[in-house]
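J.: Residue numbers (my numbering), protein chains in the order written: chain A, 551 to 883; chain B, 551 to 883; chain C, 551 to 883; chain D, 551 to 883.
Because the hints were derived from the structure by calculation, they are not lab data. Be aware that a few hints might be false.
Which chain B residues face chain C? A few, computed with CB under 7 Å, are given here [said to hold, decoys possible]:
no. : residue
1   : ASP637
2   : GLY643
3   : HIS678
With a straight-line cut-off of 20 Å between C-alpha atoms, the simulated SDA-like cross-links for lysine to any residue are [said to hold, decoys possible]:
no. : chain 1 : residue 1 : chain 2 : residue 2
4   : C       : LYS711    : C       : ILE673
5   : A       : LYS564    : B       : LEU575
6   : B       : LYS564    : A       : LEU575
7   : C       : LYS564    : D       : ASN573
8   : D       : LYS564    : D       : ALA591
9   : B       : LYS675    : D       : GLU771
10  : A       : LYS675    : D       : SER636
11  : A       : LYS675    : D       : SER555
12  : A       : LYS675    : D       : ALA856
13  : D       : LYS675    : A       : ARG861
Computed from the model, here is a short list of chain C residues facing chain A with C-beta under 7 Å [unchecked claim]:
no. : residue
14  : GLY647
15  : VAL677
16  : VAL774
17  : LYS777
The structure displayed is predicted, hence computed values, not measured ones. From the three backbone atoms N, C-alpha and C, an ideal C-beta is built for every residue, glycine too.
4 protein chains.
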Amino acid sequence: MRFFSDNAAPAHPKVIEAIAAANRLDTAYDGDAWSRRLDGAFSDLFGTEVRALWVTTGTAANCLSLAALCPSYRAILCHCDAHIESDEAGAPGFFSGGAKLILLDGAGAKIEPATVSEACDRIRKDVHQVQPAAISITNATEYGLVYRAAEVAALGELARKRGLALQMDGARLANALASTGENIADVTWRAGVDALSFGFVKNGGMNAECVILFRTELADEIVVRRKRAGHLLSKGRYLAAQILALLEDDLWLDNARAANTAAQMLATAAPHRLVYPAEANEVFLKVTPDEAAHLRGQGFDFYDWAAGEIRLVTSWDQKGEPLERLAAAIAAL
Amino acid sequence: MRFFSDNAAPAHPKVIEAIAAANRLDTAYDGDAWSRRLDGAFSDLFGTEVRALWVTTGTAANCLSLAALCPSYRAILCHCDAHIESDEAGAPGFFSGGAKLILLDGAGAKIEPATVSEACDRIRKDVHQVQPAAISITNATEYGLVYRAAEVAALGELARKRGLALQMDGARLANALASTGENIADVTWRAGVDALSFGFVKNGGMNAECVILFRTELADEIVVRRKRAGHLLSKGRYLAAQILALLEDDLWLDNARAANTAAQMLATAAPHRLVYPAEANEVFLKVTPDEAAHLRGQGFDFYDWAAGEIRLVTSWDQKGEPLERLAAAIAAL
Amino acid sequence: MRFFSDNAAPAHPKVIEAIAAANRLDTAYDGDAWSRRLDGAFSDLFGTEVRALWVTTGTAANCLSLAALCPSYRAILCHCDAHIESDEAGAPGFFSGGAKLILLDGAGAKIEPATVSEACDRIRKDVHQVQPAAISITNATEYGLVYRAAEVAALGELARKRGLALQMDGARLANALASTGENIADVTWRAGVDALSFGFVKNGGMNAECVILFRTELADEIVVRRKRAGHLLSKGRYLAAQILALLEDDLWLDNARAANTAAQMLATAAPHRLVYPAEANEVFLKVTPDEAAHLRGQGFDFYDWAAGEIRLVTSWDQKGEPLERLAAAIAAL
Amino acid sequence: MRFFSDNAAPAHPKVIEAIAAANRLDTAYDGDAWSRRLDGAFSDLFGTEVRALWVTTGTAANCLSLAALCPSYRAILCHCDAHIESDEAGAPGFFSGGAKLILLDGAGAKIEPATVSEACDRIRKDVHQVQPAAISITNATEYGLVYRAAEVAALGELARKRGLALQMDGARLANALASTGENIADVTWRAGVDALSFGFVKNGGMNAECVILFRTELADEIVVRRKRAGHLLSKGRYLAAQILALLEDDLWLDNARAANTAAQMLATAAPHRLVYPAEANEVFLKVTPDEAAHLRGQGFDFYDWAAGEIRLVTSWDQKGEPLERLAAAIAAL
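With these hints in hand, go ahead and build the complete structure from the sequences.
T.: The structure is reproduced here in C-alpha cells:
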C-alpha cells in the first residue's frame with residue numbers, strides 16, 4: 551500500500567462518470583456548458599461573487615494568480631518550505647517574469663503576521679531592494695497543519711495594511727476545512743484572501759484544479775495569462791465536469807474527510823512519534839531507518855523526509871484493512 | 551451540425567475507455583507505467599530513438615520546444631498566419647523569455663525555402679538586429695495544406711546550412727499523413743525536423759498532446775521547462791493512456807482519414823468555391839454572406855473567415871447523413 | 551569626412567565642461583544636485599509637470615517606458631522600420647517580458663491613424679490573439695521625416711479612443727522641432743504623448759538620454775525598472791550635467807539646427823536624388839554603386855542603404871568647407 | 551566629510567582628461583579605437599586571453615554575465631548579503647528571465663565551499679526543485695572582507711566538480727588586491743573564475759565598469775545581451791577611455807591603495823570597535839546611537855548599519871587632515 555502522495559491516488563468514480571458524460575461535442579476552450587457553470591457554482595459555494603478558472607495543475611493555479619498579483623519587479627512573501635518555493639521548479643519566477651520569493655520561517659510551514667512584518671520592515675524602501683507585493687500561504691500546509699479562519703484573517707488584515715495581496719495555495723484546502731469544520735468563506739475571502747488555488751487533483755480529481763478569484767476584476771488578465779501559458783485547454787468541458795462532479799453533494803468534502811480519517815488512524819497509532827500535529831491528511835513520524843525498513847518490509851511505501859522522519863500521505867480512497875494493518879505496524883514498532 | 555473546429559469534437563470512445571482503465575493508483579507525475587511507455591511507443595512509430603513528453607495543449611507543445619530551440623535573444627521564422635503567431639496569445643514570447651517571431655508570407659500558410667533565405671539575408675549580422683535561431687512550420691497548415699516530405703526536407707536542409715533548428719507544429723500532422731500517405735519518418739526527422747508537436751486533441755483525444763524530440767538531448771531541458779510552466783500534471787497516466795490508445799492499431803490515422811474523408815465530401819461538392827485545395831480536414835469556401843446565412847439556416851455552424859470566405863473543419867466523428875446534407879446544401883448554393 | 555551617424559559625433563564642448571564641473575563628491579545614484587534639477591528643468595521646458603529620468607541609451611529610454619505602458623501579454627504597434635523593431639536587438643521583448651510588436655507600414659517610417667485602426671480592427675477581441683496596449687512612433691523618423699503636431703495629435707486621439715498609450719521615440723526630436731519650429735508641448739503631451747525618449751546623445755551629448763513622463767504616476771514603476779535593468783548609474787550627476795548643459799540657452803535646439811542645416815546643404819545639392827524629403831538631419835539619396843564609390847574616393851564615408859541608395863546623417867558639428875565639398879561632389883555626380 | 555559610499559566620490563582627474571581626449575568623432579558603439587583596445591589591455595593584465603566589455607554599472611556587469619552562465623530555469627548560489635541579492639532590485643531575475651538566487655550564510659558575507667556543498671546536497675535532483683548552475687561571490691565582500699586566491703580556488707574547484715560556473719562581483723576587486731598584494735590572475739581565472747565584474751566606478755572612474763570573460767566563448771552571447779538590455783552605448787569611447795586611463799600605470803591599484811590606507815587609518819583608531827576585520831576600504835564599527843550622533847555633530851556623514859553599527863566607506867581621494875580628524879574622533883569616543 552502506497553502513501554507517497556495523494557497525487558498518486560485514482561480519480562473518484564464519479565469523476566470518471568462525469569468525464570464520460572461530458573464526452574460530446576460542445577464549444578471549444580471554456581465556452582462549453584460545463585465551464586460556463588463554474589462561476590456560478592463557486593459563487594454559491596463561497597457565498598459571494600467569484601470568478602472560477604480551471605487549470606490542470608496547482609503550479610499553474612498558484613503562479614497565474616501570483617503573476618497577476620505581483621509585478622515582475624516585486625516580491626512574494628512565503629514560507630521557506632512553501633510548495634511555490636520548493637516544488638514548482640521556479641514557476642513563480644517564470645510566470646511573473648522574475649519576481650522574487652522572500653522566504654520566511656515558521657513552525658510546520660505556517661507563517662505568522664509578526665514574521666511577515668519583520669521581513670517587510672527589514673526591506674529598505676528604496677529602488678535598490680525588491681519591495682513585496684503579495685503574501686502566499688498554503689492551507690493545509692506542506693506539513694499538514696491547518697490555518698484557522700482567525701489566523702488567515704490576521705494575515706489578511708496585515709496584508710491590507712501594508713498594501714499586499716494575499717494568495718492561498720489550497721491544494722489541500724478541502725482537508726483543512728474537513729479538519730476544522732470552519733466555513734469556507736471565513737477561511738478565504740472573509741479573511742482577506744484575494745485569490746485561491748482550489749485543489750481537486752489530490753482529492754479525487756483527475757487533472758482539474760481551479761483558480762478562484764475573489765477580486766473578480768483580476769479575471770480578465772488571468773484568462774489571457776492562462777492562454778499565453780498554454781493552459782487554456784481545447785476541450786475544457788472535461789476539466790469543468792470533474793470539478794462540478796466533486797462539488798456536487800459536497801463530494802470534495804467527503805473525500806477530504808475520508809483522507810483525514812485515514813491519517814488520524816495512523817497518527818493515533820503512535821502519537822509520540824508525530825513530528826507535527828496531524829491536522830489534515832499528512833502524517834510525519836519519527837522513525838529510525840531500521841523501523842522504516844521494517845514497515846517497508848510489510849509492503850508499505852512512503853517517503854523518507856528529514857533524517858529520522860518519514861512522511862505518510864493518505865488519500866480519499868484509503869481505508870479498511872490495509873490501513874488498519876499499517877496503523878498496527880506503526881504502533882508495534 | 552457544427553464545423554467550427556476539430557477542437558470541439560468529443561474524444562474517441564477508446565480514449566475514454568483507456569482513461570477509465572488507467573484509473574488506479576500509480577506513481578505521480580510521469581513516473582507511471584503509461585507515461586514510461588511513451589518513449590518506446592513513439593520510437594517504434596518513428597523508427598528512430600525519440601523522447602516523447604505529454605502536455606495538454608498544442609501551445610505548450612510548440613512553445614516548450616521553441617524555448618529550448620531559440621534563446622530569448624533570438625528569433626523564430628514562421629508564417630504570418632502560423633498558430634504560434636496568431637492564436638497562442640504570444641506564448642512563444644512568454645516561454646522563450648522574449649524571443650521574436652519573424653513573419654513570412656506564403657500561399658496557404660506554407661513557407662518556402664526561398665522566403666526563409668530572403669528573410670535571413672535581410673538581417674544584418676550584427677548585435678542590433680535579432681538573429682534567427684529556428685524555423686517553425688505547421689503541417690497540415692492553418693489553411694489545410696500539406697507539406698510533402700520533400701518540401702520539409704528542403705526546409706530542413708536550409709535550416710542545417712544556416713544553423714537553424716526546425717520545429718513542426720503537428721496539431722494536424724495525422725491529417726497531413728492521412729492525406730499524402732507518406733511515411734511519418736520521412737516527413738519529420740528524416741527531413742530534418744528537430745522537434746514535433748504531435749497533435750491528438752483535434753484527432754480523437756481528450757486533452758493530451760505530445761512533444762516528440764528527435765534531438766533527444768533536448769529532453770532534459772524541456773522536462774524542466776514543462777514542470778516550471780505548470781505543465782507536469784500530477785497524474786500523467788491519464789494523458790499517456792489517451793495517447794497510447796490512439797496509437798494502438800493506428801487509431802490516430804483512422805481518425806484522421808475519417809476527418810479528411812468528410813472534408814473531401816464537402817470540397818468536392820463545390821470545387822470551384824475552394825479558396826485552398828482541401829488537402830486535410832479544413833475546407834475554405836468562397837460564399838457570399840447570403841449563402842452563408844442560407845447554410846446556417848439549415849442548421850450548419852461554421853466560422854466566417856476572410857471577407858466572403860467560410861471555414862469548415864471536419865472531425866474524426868463526422869460522417870453519414872448530416873454530412874451528406876451539408877455537401878448537398880453547398881452544391882445547391 | 552564621416553556621415554555614418556550622428557551617434558558618432560563628438561560631444562559638444564559645453565557638455566565636456568559640464569562633466570568636469572560636476573566632478574566632485576555628491577550623493578550617489580540620482581540623489582545629487584544635478585539629477586534633482588531635471589524634473590524642474592523639463593517641466594519648465596514642456597510647460598507642464600513632468601518626471602525626467604536620465605538613462606544612457608535610447609534603447610533603455612524607449613523600453614523602460616514601453617514596459618510600463620504595455621504588459622508582457624499585450625502588444626505595441628509601431629512601424630516596421632522603427633528603431634525598436636529593427637535596431638534594438640529585441641529589447642522591447644526583453645524589458646516587457648515578452649510583449650509583441652505589431653508592425654505597420656507607412657511611407658518614410660511614419661504611421662497614420664488609419665493604418666493603426668486597421669491593424670487593431672484585424673485583431674479578434676479574444677484571449678487567443680495578442681491585444682494592443684500602446685503605439686510607438688519615432689520623431690523624426692528613421693528616414694528623417696517629421697511628424698507635425700497635428701499628426702501626432704491625430705494618433706493621440708486615436709490612442710485615447712482605443713485605450714492605447716502613446717510613446718514617442720525622440721532620439722531626434724530636437725531635429726524634428728528645429729525643422730518645423732513647432733512648439734515642443736504641442737508635439738508631445740498636448741498631442742497625447744504619454745512618454746517620450748528625449749534624445750541628447752545624437753545631438754551633442756556624450757551618453758545621456760532622458761525619459762520624459764507626462765503621466766507622472768508612471769515614474770514610481772519606471773525608477774524601479776531602471777534600477778532593475780542596471781540603468782541606475784552610481785554617479786548620476788555626470789549624466790544630469792550633460793542634459794542640463796544642453797538645455798541651457800537652448801543649446802540642444804542650436805545643435806539640431808546646425809545638423810539640419812548641414813543636411814539641407816546636401817539635400818539641395820541634388821533634390822532629384824532624394825528618396826525622402828530631407829526634413830531633419832538624414833539625407834537618403836539615390837546613387838549608383840559607381841557614384842557611391844566616386845564619393846568615397848573623395849574621402850566621404852556613409853552607409854549604403856537599400857539597393858541604389860545611400861544614407862548621409864549630419865551632426866551638430868558638421869559645417870563649412872568639407873560639407874561644401876561634399877555638396878558640390880553630390881551635385882557633380 | 552562623507553563616508554557614505556565610494557560610489558559618491560568624484561572621478562580621478564586622469565579619467566576626466568581621458569574623456570576630454572576621446573572627444574572626437576570615431577566609430578559608434580564599441581567600434582572605436584578605445585573600445586577595441588580593451589581586450590588586449592585586459593589580456594595583458596590577466597596574462598591570458600580575455601574578452602573585456604564595458605558597461606556602465608556593476609548591476610549590468612554582474613547580471614549580463616550571470617544570464618549567460620545560468621539558464622532561466624536554474625539557480626545561482628550566493629551569500630544572503632550579496633549585492634546581487636540585496637541591492638540590485640532583482641536584476642538577476644530580470645536579466646536571466648527568472649533564475650533563482652539560493653542564499654547562503656557565511657561570516658562577513660564570504661561563502662565557504664562546505665556551505666555551497668551543503669546547499670547543493672539539500673536540493674533533490676529532480677524537476678521539481680531548481681538546480682544550481684552558478685556560484686557568485688563578491689570580492690572584496692559587502693562587509694569589506696577579502697577572498698584570498700586559495701579561497702577562491704577552493705570554490706573554483708568545487709564549482710568544476712559540481713558542474714557550476716563561478717562568477718565574481720569585483721566592484722571592489724581593486725581594493726581586495728591592494729589589500730593582499732596577490733596576483734590578479736591567481737585570484738580570478740587561475741582560481742576558476744569564469745566571468746568577472748571588474749569595478750572602476752567606485753575606484754576613480756566616472757561611469758565605466760568592465761565585464762571580463764575568461765571563457766571568451768561567452769562573449770558572443772553577452773554582446774547581444776548587452777545590446778538587448780540597452781547597455782550598448784552609442785559612444786563607447788568615453789567608457790573605454792576611462793578604463794584605459796585607470797589601467798595606465800596601475801592607477802586603479804594606486805587608487806585602491808589610497809582608499810584602503812584611509813580605511814586602515816579609521817580601523818586602527820578603534821580596533822576593539824571593528825565588526826569585521828577592515829581588509830579593504832569598508833570599516834564597520836560598533837558605536838552607540840549617541841556616539842554616532844557625536845561623530846555626525848563633528849561633520850562626518852555615514853550610514854547606520856545593523857543596530858549599534860555604522861559603516862564608513864573610504865574613497866581613492868580621501869586622505870590628510872579631515873581623515874585624521876575622523877580617526878581622532880573615533881579614537882576619542
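J.: Please go over all the hints and tell whether each is borne out by the structure.
T.: Hint check:
1. ASP637: Holds, about 5 Å.
2. GLY643: Nearest chain C Cβ about 3 Å off; hint holds.
3. HIS678: Check passed: Cβ of B/HIS678 comes within 5 Å of chain C, closer than 7 Å.
4. C/LYS711 with C/ILE673: At roughly 16 Å apart (the allowed maximum being 20 Å), C/ILE673 and C/LYS711 satisfy the hint.
5. A/LYS564 with B/LEU575: holds (16 Å)
6. B/LYS564 with A/LEU575: holds (16 Å)
7. C/LYS564 with D/ASN573: Holds, because 12 Å separates the two Cα atoms, which is no more than 20 Å.
8. D/LYS564 with D/ALA591: holds (17 Å)
9. B/LYS675 with D/GLU771: Holds, at roughly 13 Å.
10. A/LYS675 with D/SER636: At roughly 12 Å apart (the allowed maximum being 20 Å), D/SER636 and A/LYS675 satisfy the hint.
11. A/LYS675 with D/SER555: holds (18 Å)
12. A/LYS675 with D/ALA856: Distance of about 16 Å is within 20 Å: holds.
13. D/LYS675 with A/ARG861: holds (19 Å)
14. GLY647: With a closest approach of 4 Å, the C/GLY647 hint holds.
15. VAL677: With a minimum Cβ separation of about 4 Å from chain A (threshold 7 Å), the hint on C/VAL677 holds.
16. VAL774: Since chain A brings a Cβ to about 5 Å from C/VAL774, closer than 7 Å, the hint holds.
17. LYS777: holds (4 Å)
Against the hints set out earlier in the document, no violation occurs for any number.
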